[in-house]
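A.B. asks: Residue numbers (our numbering), protein chains in the order written: chain Z, 1 to 152; chain Y, 153 to 253.
Take the hints with a grain of salt, since some may be wrong.
[To be verified] Below, computed lysine-lysine pairings styled on PhoX-like, alpha-carbon distance capped at 20 Å:
hint, chain 1, residue 1, chain 2, residue 2
1, Y, Lys248, Y, Lys162
2, Y, Lys179, Z, Lys16
3, Y, Lys251, Y, Lys202
4, Y, Lys219, Y, Lys234
5, Y, Lys219, Y, Lys248
6, Z, Lys142, Y, Lys251
7, Y, Lys251, Y, Lys219
8, Z, Lys103, Y, Lys219
9, Y, Lys194, Y, Lys162
[Unchecked claim] A partial selection of chain Y residues facing chain Z, derived with a Cβ cut-off under 10 Å:
hint, residue
10, His174
11, His175
12, Ala209
13, Gly210
14, Ile211
15, Met213
16, Ile237
17, Lys239
18, Met243
[Unchecked claim] Selected chain Z positions facing chain Y (in silico; Cβ < 10 Å):
hint, residue
19, Lys16
20, Arg24
21, Glu39
22, Leu41
23, Ala47
24, Ser49
25, Val52
26, Thr53
27, Ile56
28, Glu70
29, Arg108
30, Met111
31, Ile115
32, Phe119
It should be emphasised that the hints constitute simulated quantities derived from the structure, not laboratory data.
The beta carbon of each residue, even a glycine, is placed where N, CA and C say it ideally should be.
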Amino acid sequence: MKGIYENYMKLEFASKSNNEAFARIAVAAFASQLDPSIEELADIKTAVSEAVTNCIIHGYEEKDGIVKIECMILANTISIEISDTGKGIEDIETAKEPLYTSKPDLERSGMGFTIMESFMDEMKVESVLGLGTKVTMKKMIKKEAKEESTYV
Amino acid sequence: MNATYNKEDKLLILEITEEIDHHTTEKIRRKADYEIERFSPKRTIFDFNKVTFMDSAGIGMLIGRYKLVTMLGGTMEMVHVKPSIMKIFEMCGIPKIIKVG
Numbered sequence: 001m002k003g004i005y006e007n008y009m010k011l012e013f014a015s016k017s018n019n020e021a022f023a024r025i026a027v028a029a030f031a032s033q034l035d036p037s038i039e040e041l042a043d044i045k046t047a048v049s050e051a052v053t054n055c056i057i058h059g060y061e062e063k064d065g066i067v068k069i070e071c072m073i074l075a076n077t078i079s080i081e082i083s084d085t086g087k088g089i090e091d092i093e094t095a096k097e098p099l100y101t102s103k104p105d106l107e108r109s110g111m112g113f114t115i116m117e118s119f120m121d122e123m124k125v126e127s128v129l130g131l132g133t134k135v136t137m138k139k140m141i142k143k144e145a146k147e148e149s150t151y152v
Numbered sequence: 153m154n155a156t157y158n159k160e161d162k163l164l165i166l167e168i169t170e171e172i173d174h175h176t177t178e179k180i181r182r183k184a185d186y187e188i189e190r191f192s193p194k195r196t197i198f199d200f201n202k203v204t205f206m207d208s209a210g211i212g213m214l215i216g217r218y219k220l221v222t223m224l225g226g227t228m229e230m231v232h233v234k235p236s237i238m239k240i241f242e243m244c245g246i247p248k249i250i251k252v253g
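Sequences are here, hints too, so could you generate the full structure?
C.D. replies: Structure (structure tokens):
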């Protein structure tokens, strides 16, 4: 992750499903320095959980691999980059469609990308077949609303 | 997850006690299916009181259980759902299919 930032962190872990909770809690802890609302924090946790699960189920197809997360804070915005070096996505536009899943046998909802897109302010997917996938998400933490509520 | 069955009302209450993600759904799915198949309840309630987190893995799991419950002639509903989880249910159109409260 390149660019100007005020704070930065990088996390690498094995593509095991029990790391999904670890990943979203770690990112939420990093994001908490922006003083997000409970709702904003829940949005971030859900989006991270979706992206990490995609790396594990689709990128590595539940085999060994490393999931990488990089987070950057600039002003009141957190950028989160989640990547794998797995199989990659053939058709990103199809994968992003609501209810689309490449693994219907697994009782997957096909709502992962839709949730990431609507819970975060920005979402970008980059993928190369055979090389891996990178999801970049941004969320601006709104200050004004909270200051108002403290006066109530 | 805790299961309580009321024989008289043919009511099965499944209280989910963990965060719901891809990792935990496998265990919840197995236990829920076991209880549903064992009792073939008229009414199945998933109690979300203790659930503080759920991602889309939960949606897939719940739709799967809904199919099983209705196939056996019963009804299903979710109760005590927190706003952050309700947001996901609404986004996925769940309240149109399954009763959520």
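A.B. asks: Each hint should be assessed against the structure and marked as holding or not.
C.D. replies: Hint check results:
1. Y/Lys248 with Y/Lys162: violated, 24 Å
2. Y/Lys179 with Z/Lys16: Distance ~15 Å between Y/Lys179 and Z/Lys16 Cα, so the pair holds.
3. Y/Lys251 with Y/Lys202: Answer holds: Y/Lys251 to Y/Lys202 is near 18 Å, not above 20 Å.
4. Y/Lys219 with Y/Lys234: violated, 24 Å
5. Y/Lys219 with Y/Lys248: holds, 14 Å
6. Z/Lys142 with Y/Lys251: violated, 33 Å
7. Y/Lys251 with Y/Lys219: Distance of about 14 Å is within 20 Å: holds.
8. Z/Lys103 with Y/Lys219: holds, 18 Å
9. Y/Lys194 with Y/Lys162: holds, 5 Å
10. His174: Result: holds, 4 Å to nearest chain Z Cβ.
11. His175: Given a least distance of 4 Å, the restraint on Y/His175 holds.
12. Ala209: Holds - the Cβ of Y/Ala209 comes within 10 Å of chain Z, reaching about 6 Å at its closest.
13. Gly210: Interface hint status for Y/Gly210: holds (8 Å vs cutoff 10 Å).
14. Ile211: holds, 4 Å
15. Met213: Where the cut-off is 10 Å and the nearest Cβ of chain Z is about 6 Å from Y/Met213, the hint holds.
16. Ile237: holds, 9 Å
17. Lys239: holds, 8 Å
18. Met243: holds, 6 Å
19. Lys16: holds, 8 Å
20. Arg24: holds, 8 Å
21. Glu39: holds, 7 Å
22. Leu41: Constraint on Z/Leu41 satisfied, holds at 9 Å.
23. Ala47: holds, 9 Å
24. Ser49: holds, 4 Å
25. Val52: holds, 9 Å
26. Thr53: Hint holds; Z/Thr53 Cβ to chain Y Cβ min 4 Å, cut 10 Å.
27. Ile56: holds, 7 Å
28. Glu70: violated, 21 Å
29. Arg108: Constraint on Z/Arg108 satisfied, holds at 5 Å.
30. Met111: OK, holds: Z/Met111 within 10 Å of chain Y, min 4 Å.
31. Ile115: This hint holds: Z/Ile115 lies near chain Y, its Cβ roughly 6 Å from the closest one there, short of 10 Å.
32. Phe119: holds, 8 Å
Taken one by one, the earlier hints fail for this structure at numbers 1, 4, 6, 28, listed in ascending order.
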